[in-house]
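Peer 1: Next come the chains, spelled out residue by residue.
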Amino acid sequence: MTGGADTIRAMRPAFLWAALAAIFALAAPQMLALFAIINLTTAIALAILALSLALIWGYGGILCFGQVAFFGLGAYAYTIAAVNFGGSTWAILVAVLVASAVAAALGYFMFYGRLSDVYLGVITLTFTLILFSVMRRTSGPDWKIGKSLLGGFNGISSPPLNLPWNPAVKLFPEHVFYVAMAALILCYLFAAWLVNTHFGRVCVAIRENETRAELLGYDTRAYKLGIFTIGAGIAAIGGVLFSQGIGRITPDVFGLYNAALVIIWVIVGGRGTLAGPVIATFALFYLTSWLGGQQVLNNNLVLGIILIVFVLAVPRGIAPTLLGWWRRGTVRPAAARVRRRRNRAEAAE
Amino acid sequence: MDLVVAVALQLAYGIANLALISVGLAIIFGMMRVINLAHGEFLMLGGYTVVVTTNAGVNLWLAVFVLAPLVVGIVGVLVERILIRRLYGRMIDTLLATWGLSLLLIGLVTSIFGASTATTISPPFGTIQIGRFSSSGYELFLIGVTMALALAIWAVLRFTRLGLVARGTMQNAEMASALGVSTSRIYMITFGLGAAVTGLAGGLLAPITGVLPTIGATYIAKAFITVISGGSAILAGTAAGSVLLGGIQGVFTFLTGPTFGEVALLIAAIVLLRLMPRGITGRFFRKSL
Numbered sequence: 063m064t065g066g067a068d069t070i071r072a073m074r075p076a077f078l079w080a081a082l083a084a085i086f087a088l089a090a091p092q093m094l095a096l097f098a099i100i101n102l103t104t105a106i107a108l109a110i111l112a113l114s115l116a117l118i119w120g121y122g123g124i125l126c127f128g129q130v131a132f133f134g135l136g137a138y139a140y141t142i143a144a145v146n147f148g149g150s151t152w153a154i155l156v157a158v159l160v161a162s163a164v165a166a167a168l169g170y171f172m173f174y175g176r177l178s179d180v181y182l183g184v185i186t187l188t189f190t191l192i193l194f195s196v197m198r199r200t201s202g203p204d205w206k207i208g209k210s211l212l213g214g215f216n217g218i219s220s221p222p223l224n225l226p227w228n229p230a231v232k233l234f235p236e237h238v239f240y241v242a243m244a245a246l247i248l249c250y251l252f253a254a255w256l257v258n259t260h261f262g263r264v265c266v267a268i269r270e271n272e273t274r275a276e277l278l279g280y281d282t283r284a285y286k287l288g289i290f291t292i293g294a295g296i297a298a299i300g301g302v303l304f305s306q307g308i309g310r311i312t313p314d315v316f317g318l319y320n321a322a323l324v325i326i327w328v329i330v331g332g333r334g335t336l337a338g339p340v341i342a343t344f345a346l347f348y349l350t351s352w353l354g355g356q357q358v359l360n361n362n363l364v365l366g367i368i369l370i371v372f373v374l375a376v377p378r379g380i381a382p383t384l385l386g387w388w389r390r391g392t393v394r395p396a397a398a399r400v401r402r403r404r405n406r407a408e409a410a411e
Numbered sequence: 004m005d006l007v008v009a010v011a012l013q014l015a016y017g018i019a020n021l022a023l024i025s026v027g028l029a030i031i032f033g034m035m036r037v038i039n040l041a042h043g044e045f046l047m048l049g050g051y052t053v054v055v056t057t058n059a060g061v062n063l064w065l066a067v068f069v070l071a072p073l074v075v076g077i078v079g080v081l082v083e084r085i086l087i088r089r090l091y092g093r094m095i096d097t098l099l100a101t102w103g104l105s106l107l108l109i110g111l112v113t114s115i116f117g118a119s120t121a122t123t124i125s126p127p128f129g130t131i132q133i134g135r136f137s138s139s140g141y142e143l144f145l146i147g148v149t150m151a152l153a154l155a156i157w158a159v160l161r162f163t164r165l166g167l168v169a170r171g172t173m174q175n176a177e178m179a180s181a182l183g184v185s186t187s188r189i190y191m192i193t194f195g196l197g198a199a200v201t202g203l204a205g206g207l208l209a210p211i212t213g214v215l216p217t218i219g220a221t222y223i224a225k226a227f228i229t230v231i232s233g234g235s236a237i238l239a240g241t242a243a244g245s246v247l248l249g250g251i252q253g254v255f256t257f258l259t260g261p262t263f264g265e266v267a268l269l270i271a272a273i274v275l276l277r278l279m280p281r282g283i284t285g286r287f288f289r290k291s292l
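As given, the protein sequences belong to chains E and S, one line each in that order.
To convert, take the position in the first sequence, counting from 1, and add 62; that gives this note's numbering.
To convert, take the position in the second sequence, counting from 1, and add 3; that gives this note's numbering.
By construction, these hints were calculated from the structure, which means they are not laboratory data.
As the structure is a prediction and not an experimental result, all values here were calculated from the model.
One or more of the hints may lead you astray.
Just the calculated beta-carbon pair ranges, DEER-fashion [unchecked claim]:
no., chain 1, residue 1, chain 2, residue 2, range
1, E, 215, S, 63, 30 to 38 Å
2, E, 352, S, 65, 41 to 49 Å
3, S, 183, E, 376, 35 to 43 Å
4, E, 241, S, 11, 50 to 58 Å
5, S, 128, E, 281, 51 to 59 Å
6, E, 215, S, 147, 30 to 38 Å
The C-beta atom is built at its ideal place from N, Cα and C for all residues, glycine as well.
Here chain E stands alone, though its shape is the one from the complex (with noise of 0.2 Å):
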């Protein structure tokens, strides 16, 4: 067992991230003009996706190819509740825990089934890709839920956020990106103590060695949907924002592409990291918007290249990577001065 002092010592470095986080949230609207803050917003919600997903796949080792399912799910889960509700406080529970329910369902049918890594992309990424082309067909009168229409492929408009139980008050997009800022922040830091939990090592216990797990008395099916369905709440914030960020939610939420490029960040920023996801998302999402406004390169090549490359040549992604090299350079010295000592004890008797 780990104790609570335990799981914050091994959270120091993730407070070190959050602070930075935190001094980036108070400086960039300093600094930045407003497009650039709700540009920001979209970005931000982006990294909640990335981090749910590392969450689950690096830390938990199951292969979601459908994250942005529950990310979707989350977005039209808030939309469509603060349309019926007139408000957003409680609509920001129901995609938590709409998102959380449909994982836990899904979940399941592929944990307590046993299927294969090979079997759960596929399943997953079936799931979004099936739920893409029903919400494109929800289009017309017909298709509502309570006062809300559907609104096929032309999606729903969402309603902005506002201060909790005080509906009148509506929250501009600059106070969004603290509120999305600060999701961040604490989404990152509730996922940093999770894997330095008890449960959380059992899942990286898991990810590693499954059987092992099994045979030590671990019920690794329980496991692996318990941070299933937390990683799809996780998602479902980030769905949130992402709807306030572009102020609608459209079908093409659940495409092949967003579902494609979460796992690029995730293998870019490497898996078996937090922060790294978090920092690739930002990076390759301004990437793709500069892509996005010249007509050299297509988006869909640079994507696939970049995730080619990395499967063969950083499979591991870039921050384990890094890190790697760093423990080389600072580790090894000392081995080295150990090793040589005992060398030099053995050549003495």
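Using the hints provided, position chain S relative to the given structure of chain E.
Peer 2: Same frame as chain E, but now just chain S:
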């Protein structure tokens, strides 16, 4: 009576369509246990080959039955040699690499032909009257072609030396390799054949669906769940998967419209995999091809 025939025909076409878009994927999955995420783009390339060459004046049948499989088969062999070969034994990386390939191919085709529909071709054979209902003659033709294709694959697997060696490699790759079979070469050939069959399917469907760089996405969801529900036996798996899922989709589409047809398909597949995690042929017909 007319209604029964018309509905039965629709159901048969739905099943044949699923089998047609899945069988190339099933060949690769059966052999390497890996889902080729660029499968949709192989279908797309087959479609583009047919549309581009017929626009250049090539006979439609030549384009569909020779050029589409040839072009996509060559692409498949190249992909296997350049990409897949480096990732043998790394299942997840293979999946990811084929996903990268999928994006790459979409990007490449968009750069060359543009993002909108290339000129379409109208399906041959016109319509066929069944009492009060009419059905597309081309759909009937596709049912026939799918059956012929299944028969051809069965014959290759059952009667040729290549088929024998391929089945051996599928059952136990290490043993086959110990007996002097170059498994790497077998993987290359089967990947190429799977791609060629996929190219043929894409070419056959092009007159009905038209082509777009992103058209692959509309096929893959159905193809993936058909193959994994079917399990690893190439023909029996595809047949079992497409009959079951095509049947369910057909019935639900008939009862509730196309939106829930696909949802029913997905739910059926998920429940099926809960009961039989290795697909239908992982439980039944285990000795089949």
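Peer 1: Determine for every hint whether it applies to the structure shown.
Peer 2: Now for the hints, and whether the structure bears them out:
no. : hint                      : verdict
1   : E/215 - S/63: 30 to 38 Å  : holds (33 Å)
2   : E/352 - S/65: 41 to 49 Å  : holds (44 Å)
3   : S/183 - E/376: 35 to 43 Å : holds (36 Å)
4   : E/241 - S/11: 50 to 58 Å  : holds (57 Å)
5   : S/128 - E/281: 51 to 59 Å : holds (58 Å)
6   : E/215 - S/147: 30 to 38 Å : holds (36 Å)
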